[in-house]
Amino acid sequence: MTRTTTRRRAIASSAAVAALALTLTACGGGDAGDGGGEGSADDVAAALEEGGDLLVWGWDATLPPMIEAFEEAYPNVNVELANVGTSTDAYTAVQNAIQAGSGIPDVVHMEYSAVPQFALTEDLADLTEFGAADLESSYTPGTWGSVKINDGIYGLPLDSGPMAMFYNATVLEEHGIAVPTTWDEFVEAARALHAADPTKYLVGDAGDAGFTQSMIWQAGGRPFQVEGTDITVDLEDEGSAKFAEMWQPMLDEDLVAPVVTWSEEWYKALGDGTINSLLIGAWMPVNLESGVPEAEGDWRAAPMPQYEAGDAVNSENGGSALVVTEASTQQALAYGFVEFSNAGDGVGVRLEAGTFPATVADIESTEFTDKEFPYFGNQKVNEVLAEAATTVSSGWQYLPYQAYAVSIYNDNLGSTYTGSQPLMEGLTAWQDAIVSYGNGQGFTVNGG
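FYI, in mature numbering (1 follows the signal peptide of the UniProt record, and there is no 0) the residues of the sequence shown are -28 to -1, 1 to 420.
Any given hint could turn out to be false.
Listed next, the in silico DSSO-like pairs over lysine-lysine satisfying Cα-Cα at most 30 Å (straight line) [to be verified]: (1) K214 to K120; (2) K352 to K240; (3) K240 to K343.
Quick list of simulated restraints, FRET-style, between CB atoms [said to hold, decoys possible]: (4) N50 to V285: 23 to 29 Å; (5) E237 to H147: 21 to 27 Å; (6) V285 to G419: 46 to 52 Å; (7) E43 to D283: 53 to 59 Å; (8) A72 to E344: 47 to 53 Å; (9) S235 to E199: 34 to 40 Å; (10) E44 to T416: 47 to 53 Å.
Read the hints as simulated data drawn from the structure, not as lab findings.
Quick caveat: nothing in here was measured; it's all calculated off a predicted structure.
From the three backbone atoms N, C-alpha and C, an ideal C-beta is built for every residue, glycine too.
Start from the sequences and build out the full structure, keeping to the hints where you can.
Structure follows, in structure tokens:
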């Protein structure tokens, strides 16, 4: 069975990730010629009126209908959309074009985790001059923080992935297990379910860097601090330790299904009641609907469990932006396109196509929150997810070589999931490897 996933954090091969990371150093991008230069909001309006050709690289499924709407609104603009690959494959293609100095797109669809590495190598245009800063209040804090690097704004948020807990209500009810609202309750629920039926698990985790980062974020950790080329990596900070202390018993007691996320086995486990909850981004509903149709009516959405009862603290898991390349000779026109897509009429078009928005107004609209999902027993899932988006804590940063850091996660924590290494020791090993690599790439990196 072939499944199409619309998640915003695609899995790429470690080799491709490493190849990309090795071309991104603190020394700046390749010589791609002169970009669009200075601009203003008036220049954007004039560029849209005058028109021209734009090259957009992206894989998001909501881009084609949005582009159609954009071209109807601005008939003098012709947009060419090219899918050069997803995630790391796309970034490698972008970097190759920059190094070659030709064929560089004007606009790129880019995950939040990749934005810093291109911004800090000066390959992305700072959109402040076009009035992007005025849009800050339009977006959720977590997504805005992902495109604001140092004092610049290097994209506009396309979508978001606030964390939520999706759970199999049918299985939990059959075993008399209440929906956990705290992490203590979550661990106890995992114990109760697995004790009642050893073939069933509350959750699965075979080693996923994105999941670990999101969990550390929710726990209050801020392991990556970046100021220009000066970086501090502290995967032993209070939040990292808090997450590790909570999750370690889950691993020690074999309460976590050792199933690789996004594998065929994983989809099967979600459908047959082997794995009965997901701690994941708000973009997940459409993937459950398409990937696990046999479980329609069983699943529900709930807020993330908390470390303290009554708290409401959340994090992001995935999400992406549209960015303008520094090499583009039509930056004003490109920004006009990005603003239409991510802050204008294009948002509504993409909502119809299934995106989870980053814009506050859309997240708060009753049309969005009142939608009932038959797959989830007619639950108003967006109501849960919209609230989750408002509780994302601020201050998280990604590394300027995040793709490489993710690629070596299992090299350093793989044995954690086989029981031979404590999670905290694995995080320390990962930290050491991240620090060593960064220093070798020309950054000044210190361990916490």
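Structure-based check of all given hints:
1. K214 to K120: Between K214 and K120 the Cα gap is close to 27 Å, so the pair holds against 30 Å.
2. K352 to K240: Judged against 30 Å, a Cα distance of about 25 Å means the pair holds.
3. K240 to K343: 27 Å, holds
4. N50 to V285: 23 to 29 Å: Taking Cβ atoms as reference, N50 and V285 lie about 45 Å apart, which means the hint is violated.
5. E237 to H147: 21 to 27 Å: 23 Å, holds
6. V285 to G419: 46 to 52 Å: The hinted range 46 to 52 Å is violated for V285 and G419, with Cβ atoms some 26 Å apart.
7. E43 to D283: 53 to 59 Å: About 46 Å separates the Cβ atoms of E43 and D283, which means 53 to 59 Å is violated.
8. A72 to E344: 47 to 53 Å: 50 Å, holds
9. S235 to E199: 34 to 40 Å: 39 Å, holds
10. E44 to T416: 47 to 53 Å: Check passed, 49 Å falls within 47 to 53 Å.
Checked against the numbered hints given earlier, the structure breaks hints 4, 6 and 7 and satisfies all the rest.
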